[in-house]
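Take the given structure of chain A and dock chain B to it, following the hints.
What follows is each chain in one-letter form.
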Amino acid sequence: MSAKRQKRKQPLPAPGEWTFELIEAYHAEIDRVAREYGLDTYPNQIELITSEQMMDAYSSVGMPVNYHHWSFGKSFLQTEKGYRRGQMGLAYEIVINSNPCIAYLMEENTMTMQALVIAHAAYGHNSFFKGNYLFRQWTNADAIVDYLLFARNYLSECEERYGEEEVELLLDSCHALMNVGVDRYKRPAKLSLTKELTRQRERAEYLQSQVNDLWRTLPAQQIKAQTVEARRFPPEPQENLLYFIEKNAPLLEPWQREVVRIVRKVGQYFFPQRQTQVMNEGWATYWHYTLINTLYDEGLLTDSFMMEFLHSHTNVVYQPGYNEPWYRGLNPYALGFAMWQDIRRICAHPTDEDRYWFPDIAGSDWRETFDFAMRNFKDESFIAQFLSPKIMRDFRLFAILDDDHDAKLKVSAIHDEAGYRKVREILSDNYNLGSREPNLQVWNVDLRGDRSLTLRHQAYLRRPLNGDADEVIKHVARLWGFAVKMEVAHEDGRIEVLHECHQDRRKTDKN
Amino acid sequence: MVRIIDRRFDSKNKSAVNRQRFMRRFKGQIREAVADAIAGRSIKDLDNGESVSIPSKDLSEPQFHHGRGGIWETVFTGNDQFSSGDQINRPQGGSGSGSGKGKASKDGEGEDDFVFNLSREEFLDVFFDDLALPNLVKTQLARIQEYKSQRAGFTNDGTPANINVVRSLRGALGRRLALASPYQGRLRELQKQIEDLLKCLPEDDPEIVRLKDEIGILRAKIEAIPFIDSFDLRYNNRIKIPKPTTQAVMFCIMDVSGSMDEEKKATAKRFFMLLYLFLTRTYEHIEVVFIRHHTVAKEVNEEDFFHSRESGGTVVSSAIELMKDILHQRYLNGAWNVYGAQASDGDNWENDSPHCRELLSESILPFVQYFAYIEITPGEPQNLWREYEKLVGAHANFAMQHIEGLPDIYPVFRELFKKKLA
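Respectively, the protein sequence lines represent chains A and B.
Just so we're aligned, residue 1 is where the first sequence starts under our numbering, counting upward by one.
Just so we're aligned, residue 1001 is where the second sequence starts under our numbering, counting upward by one.
Certain hints may be false.
[Unchecked claim] Using 25 Å as the maximum straight-line C-alpha spacing, the simulated BS3-like pairs for lysine-lysine come out as follows:
no. : chain 1 : residue 1 : chain 2 : residue 2
1   : B       : 1027      : A       : 81
2   : B       : 1298      : B       : 1269
3   : A       : 390       : A       : 410
4   : A       : 474       : B       : 1027
5   : B       : 1269      : B       : 1324
6   : A       : 265       : A       : 247
[Said to hold, decoys possible] From the structure, some residues in chain B lie toward chain A, with a derived Cβ separation under 8 Å:
no. : residue
7   : 1008
8   : 1063
9   : 1070
10  : 1074
11  : 1116
[As the list claims (entries may be wrong)] Some chain B residues well away from chain A (every beta-carbon gap over 12 Å; in silico):
no. : residue
12  : 1004
13  : 1005
14  : 1178
15  : 1203
16  : 1273
17  : 1331
18  : 1362
19  : 1401
Treat the hints as calculated values from the structure; they're not laboratory data.
Just so it is clear, CB atoms sit at the ideal spot from N, CA and C, and this is done for glycine as well.
This is chain B alone, in the form it adopts within the complex:
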């Protein structure tokens, strides 16, 4: 009569569609909230989603109901002091004076905003909304699916070259043991009987002869079990799985010379993190190479990259050289999408800037999907900017932007990775 059904593992998020509808309807408000959030908080928080508040009048679902006013007669519980005919002052603020209170509160003044939380994914969705990495489409279209062969246990059929000897023989042995076991039992029984009989009977007693004959038959049967059968054969199984080519390496190059103060570094950091976050949405696997430089460049880990303090002059080309070396050594086997991001205050050693441009143009830009340069400086562009400007026309995959302060980052970021029409 009863059916008990376990639905716990059924598809979750039945109302995911409704949630999306909701988000779409209030896209404008949500976008604003996200933009505010980006301007106001540390980039590290990007992982945390955001709570968005929408004025509740925007999402009211109006219906005909009674409002406050007129005559209402309502029953309450817990009478502790009243008798019929008592006159009572109206309670302030309407609470307690029940008449149509529940309905009337809808028109009341102090209506709260409707607040809800965007998940991290949704937050980033809004954040990255109409962005796409340049040239990405092209790379994906041109990509040839690569497979790699991988072990996947054993199978019952295959080519002789793949026979797994140990597995096959183990199977054969097991089979032989199993098939012979009824005979073996009987054999041991008969031998026991013969031994017992031999104690009191001569060897040629007909009973013993009969037993020996039977033993002979059993032995023959056991031997007739084939040593190895096609049934026993096991083959190594190998399957092909598509090799993920959706991997990217991102080079972060930052100037840590004396002229880059903490604030500029923080700005640069946000830029790198945004780029990283964006790449994580496009690629399955991302490696990040951190190169910092002053007069010499060094590959460092993330901690050192952002936090250790250096000083001295600036030779940007040292970093570009290092990037070139690392790129050519590790990432030029065709399996990597390469992205470069350089942040500097643009204050380079005068004679070095043309060299940087040459390096980029000849040994970096031909190999990367995209190279972005941001110059973080409050004032006029510096000499590096002027050199790099010459690259802009010649290379479609090169972009540069000028950033003055924290609030500029988001718009700049959008500008850099603006969806390009094919």
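With the rest of the complex left out, here is chain A:
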């Protein structure tokens, strides 16, 4: 630190109030240092907004444009209430995974905060979006804003043509299934606005013809011939409910299928974010901390700037213990930041313990290791791979087994030699969407009978579905148009029907 101090420069002014010139000056320095560290980012677009606009952005799930729906209005009201009453602060920034990468800065921020946010969002998150494999596979930064624009226009067209209420009901049902609208193990096709537009009509017509074919009433002789091998549909269970409905729901109109698709695509866009919280926030926090400190070492920042910066930084990475009233689980910023710092430590100054636990990275070049780790992992695998005994000790991690058949909870492992691997395994599993979220499958469609759809919940560790399931089934039934059954397959092989929703849309339509 002190060695570098020799090339002391004139520090940048750090008044409370920011100006556009200062933001540019700070950005230029941050950009320079980030390049020196080899951060690869999309071009940046920094937008200054008011707190009210920030609340707008919040409520449209952080997107610059989105279609209209009452639920966004609800979340706006919630945010507004919390903010007005001082129950919650607004995030200092929102960053959008797009190319150019859009970062919103709030006008209420001080100059210090703006610099922190630029380093955090425009360099930390931005480089993560560009590098991490999940984002590369699941999202297309070049097309997302165009796609959302397309979606909004398409939905307003639908509203004009079919009525706001009709569209709203459809969106309600789609939103209920948004979190089961992803193929977890299949790569999605890239979004492209032009393709979407040109192929949209084609797709609609084609789909409709396919669906009709599925339900075609066949001449009597052919039916006889076919009953011999009772066709199972879908041939294999499907995990992507929304996709299945989009392609196969018999009574949806083409425009309704397109809306289902839009909701599915938007939901899919947030899929990587749900799986990289610790990594992504930790990465951004690590970089704002590192970039700003580098600038300070160069003599570019004043001490008062640093005091304010450290104050905010410390708040962000605060981790209360389990028995403190404000404990809300692990703070992804704290855990992520600690892990990235720890990886650098392992690379630069490994101990014997590190050499034993991480023979591959101990003593390696930290920038290469960082790049590798950032690109190729998600929370679950990142923790399984890189959570070191030191972090477990620092955080004093321990695992609790809660089995509802037992009267007491059991401490299954703690931060000791015997427990490191177990704690790491459990923590990694805590971030595994596959075990966190229920495993639901489209099990069967009764093609020859009442056309009912059967969903199956593959129970895991006896975990039940929550009380919403009944409501969600109704939404599924609305989309499917016929009866929908929900059954649960227990681990011991029992099958139990949980909910059933009878609906025949053709009949209700006639009434």
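Just chain B now, with coordinates in the frame of chain A:
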């Protein structure tokens, strides 16, 4: 590489549409909340909006998640006492026993209602929802847009009649100064030289002659600058702006005789304020005339109207007379929409009531958009009511209502100004 964009002045309320959608979806609940609010609180609060609470189960967005139960193994931080294999009692109320806690709380019992605030505008929107002033549409259709001419600075062209002499000459002077200034400088220079030369040279020295010639040329050039140019001309600019005819005058007539007690006055006040609020939504500009009366009528300010106490008998016609006079003196130039609202306990001097009816029918009702009479009395209608009843059929713009207590006001108000089908 970076683009910095100032979005702060972009359109606000991006999610205004979403907010409207939300309001529309929960209209029923919001209406109920507003109706409760009206019944329960002072009218003065109308400016404050209202907080509406909706049971959160009505606006849940259900999704498939895990519920409580089964086996969960979760990592916590800050171990201060546990070793592997310890058995711990389940914490009460579920807090701290992390397993799926975040999700499970959704089904938990003590779910709060969703509370949010209606802005004043939204509150009134709901409040006035399907109301409209009677005859308003007709008046608006019949309205001829009036313009008034108003000054708007100066322009470079116009008709000669509008030339602004001072501005034009000021421009000309400036132009002349500006165009002449290079010559003037040279002129002063030459004169200085001549003066200097004259000290040592005779007047007809060729150098001096040359200088004098040059001075002559310069003078000619300066004089050639036109005194006034069409370029200098400035004209008074006048523009026509539409004259707002959306103005209304509202007459509030209240009986302040001994029989009107504070409670009745408070009721009347609410009625007037509601009417006023409604008018503010329809008209840009509203004047209010307060007339109070017992045996004699008087025009007063708002403070006196509601708060000063009088006593004595009642002669309603005095107030109607006064309204007629004020109406004819000040508001009958065609630019005003006139509304009248009268509140009384109906206890009038017996022989006066027919006179009131005549006055209203002949010199008031033909000129007003609407005249509403409310009788605030707990019991049977009084003599004024019976007289006024005769007006109802004959005049479409006359309405009357009977009010017994505070909670009646809102429904009565709606009844009075119910949307009339054309």
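Hints the structure violates: just list their numbers, smallest first. 12, 13
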